[in-house]
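Work out the full structure: start from the sequences and follow the hints.
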Amino acid sequence: QKEVEQDPGPLSVPEGAIVSLNCTYSNSAFQYFMWYRQYSRKGPELLMYTYSSGNKEDGRFTAQVDKSSKYISLFIRDSQPSDSATYLCAMVGGFGNEKLTFGTGTRLTIIP
Amino acid sequence: DTGVSQNPRHKITKRGQNVTFRCDPISEHNRLYWYRQTLGQGPEFLTYFQNEAQLEKSRLLSDRFSAERPKGSFSTLEIQRTEQGDSAMYLCASSPPSGRTQYFGPGTRLLVL
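Heads up: the protein sequence lines correspond to chains Y and W, in order. Note that the working numbering has the first sequence beginning at 1, numbered continuously upward. Note that the working numbering has the second sequence beginning at 1, numbered continuously upward.
One side of the interface only, derived from the structure: several residues of chain Y facing chain W at Cβ under 7 angstroms: (1) Lys42; (2) Glu98; (3) Phe102; (4) Thr104.
Source of the hints: derived by calculation from the structure; they are not laboratory data. Note that CB positions come from ideal geometry on N, CA and C, so glycine has one too.
Dropping the structure here:
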């Protein structure tokens, strides 16, 4: 079993819809959680970074962390065709742990 | 642009040849990471530097791989005697002294024929 599980999709939604992307993890040592967006043949771009359980909002993006369930989510409101990309969840442990552990990524397409 | 830069962006080589990639991190960032990403997968950790010290290496980093960061600034990743299984995107990331977030470069795409 992988430490981080993420549905690879593909996921297609109409423009303007709310998108929900999710990851589950098994390692209780993970304390910091990130979402990256990756366009085809490009490097990952940091979207959201959270530490504690709860919600964090940034524009159309909301990141949600539930440490008790080992479950994180990213919500995209008013989705745009430019949001079409692969979304990667990533997590890292506490002090002294530096490597990010990624999910496989979910490929998202927003249909105009 | 003051982001992470990587060179070359693409490399095609024949099996058995050596290749070297370069990464220039964001200037204030003292931590530098190398990851490898294959098609349909998330990036996988290879190695990590804090300043010039290499502090962690993944089991993925076989003896044919070596990474350096001689002056605590740019880093190089060398692959000796390349194999077809080395074909992947090699990503570099950097992180500031006080932060946990890692900022990625555009990657070097390697194809071994």
